[in-house]
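Given chain A's structure and the hints, the job is docking chain B onto it.
As given, the protein sequences belong to chains A and B, one line each in that order. Everything in the first sequence is counted per this note's numbering, starting at -1 for the first residue and increasing by one. Everything in the second sequence is counted per this note's numbering, starting at -1 for the first residue and increasing by one.
Some hints here could point you the wrong way.
One copy or two, either will do: identical chains are not told apart, so a pair holds if it fits within one copy or between any two.
In silico SDA-like pairs for lysine to any residue, Cα to Cα no more than 25 Å straight-line [what the hints assert, rightly or not]:
#, residue 1, residue 2
1, Lys7, Asp106
2, Lys182, Arg230
3, Lys109, Val35
4, Lys78, Pro33
5, Lys51, Asp91
6, Lys138, Gly36
7, Lys269, Val251
8, Lys138, Leu37
9, Lys78, Leu32
10, Lys138, Leu32
11, Lys102, Asp6
12, Lys78, Gly248
13, Lys102, Ser14
14, Lys7, Thr56
15, Lys301, Ile194
16, Lys7, Thr93
17, Lys51, Asn121
18, Lys51, Arg1
19, Lys51, Gly90
20, Lys51, Glu5
21, Lys138, Val35
22, Lys7, Glu94
23, Lys301, Asn121
Honestly, the hints are just simulated from the structure, not real lab data. On a predicted model such as this, the values are computed, not experimentally measured, just so you know.
Protein chains: 2
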Amino acid sequence: MLRELGEDKLINIMQSLIELKYPNADNDVSYVELPNVGLLTLKIDGGSLSRTKTDFMTYYDVGWRMTIGAASDLLVKFAKPIALVTSLTLRGDHTESELEELIKGINDAAKAIGASYIGGDLNEGDDDVLDVALIGIAGKPIGRVPRLGDVLVTIPEFGFTGLIFKLWYSGLLSNYINDSIVVKGIELTRRPKPWIPSGELGNRINCVNASMDSSDGLGRVLYEMGKGVRIRVYSLPVNKDVESTCRRYGLSVEEVVFNGGEEYLPVLAVKPECLDYFKALGFVDFAKVEEGNGVYLDSRELKHRGWVYFTKPNY
Amino acid sequence: MLRELGEDKLINIMQSLIELKYPNADNDVSYVELPNVGLLTLKIDGGSLSRTKTDFMTYYDVGWRMTIGAASDLLVKFAKPIALVTSLTLRGDHTESELEELIKGINDAAKAIGASYIGGDLNEGDDDVLDVALIGIAGKPIGRVPRLGDVLVTIPEFGFTGLIFKLWYSGLLSNYINDSIVVKGIELTRRPKPWIPSGELGNRINCVNASMDSSDGLGRVLYEMGKGVRIRVYSLPVNKDVESTCRRYGLSVEEVVFNGGEEYLPVLAVKPECLDYFKALGFVDFAKVEEGNGVYLDSRELKHRGWVYFTKPNY
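The shape of chain A in the complex, shown without the other chains (with noise of 0.2 Å):
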């Protein structure tokens, strides 16, 4: 069954079977190249609510985090979201009003990352499914493997959505929402805020050797990035306030660093001649890239947790 065989073998079982012209480009994003045009990317992201809907989340919320899900993907690899379109598939109970705000939270997520919403499918099932495809043009390919020297660089935002995740399935997030950094937590996975990489940053591109946002965590990233060499880190890109909130709460702050999601960070590998110039605006180097393979904090080598489907939750 698919349920014992893990997401990993399954997309592998899948790219095993179609034929894949940029295959280091993985599962982020898809590249076609059109004539007189250049390189469109195209990805699609979704999956069901039941997995995703949060108690605390509304539809709104949902269609939001979803859309910018999908652009995440797009936006790390420097690509530029034109257009997108979706498909729903709904229950048959629900109300009108929450379909209204679905449409309303892709569609100003749509607008927050400069795409337009043009159009979509609507379907009745069993579940309630959202599926997200975006195109976009990009500057180059870019994968997930890092090379040698390479310092991996990220926006030290982590560990908001680790923290509401790890208080939400232990059941006690209830108990901590007059926590102010709790509350910015909430609103932060409620609503994940679109990195655009703009601006003179958009011409660092050449940079940029391997990039991989934070959807399914960073333990993941650096899971994926440390399959072709090894990633060692040396400090936690982690925000200060949530920091000192785990440390109140005896909560482990590698933790809620490495296991969160849906932050929608970027992770970039990029050269060591450009680091000043990613630091100039905001990022912060926290782990350098070496010979060899898996992910290392400091000596100490990091088992991969991170959110995978087809096997049993990580909580």
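Relative to the frame of chain A, chain B by itself:
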């Protein structure tokens, strides 16, 4: 509740919340203009396998049919499919070989329409949902509403799926499986052939003022086309073998022609001066476009049936 509102009302609600640049194209396909490229089409189509997979279909068939279904909307607008991605939400209790069959069906259908299958998403859920997103290049936007004086043309192969669905929903299909026309009908329902406007036909796009494929049934196509003009049908574009089979079994020919669906046959509103050209390529003319609105079979008004979601079943 959504199931009391009907698909049309729900789609109107959705469209009122987003901004469509080519609203005339309606629900069929979405257009986006790319500088130096022309008109890109983006289509997403899919739905729940619990609604689309009948007993006589394999997972391969479902993958094939749903891919042809997505492509059909592009093809009937004379757009050339380029690449597709899929999103799969599956229950965890499927076998690995069911997943493989599904992917092979999609991949083979992609080849049949000349598109590359370049990636996708896989998630776990409480229902099985397949969504196919497809990009293509279009010559011009083609909408749904014909012009006065146009002639409707199609391939006279209607009736196979209507016959099969009629027998299936009556629980009688197994009584007829020694009938060669029923067998052919099952085959076409499982693995519809894509209609591709290739060769010379592709150059005749300026003959075409409106088009739709028959995925939701010929009755539904004419109902949509007849919203701004009157469609007067003067002959049924039925397959002759199906017609005689219906007569033999006491089934209404009109019913299987108008209320089938999933034939994925093209219905084109063409300028009268182009008619001979289309006839030479296997099309027949079967209706004319007049002032007024609604759909008439000779002088009798046809009530719309066809396949819609979020309403009571038609059968």
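>> Taking the earlier hints as the rules, which of them does this structure contradict?
In response: 2, 7, 12, 15
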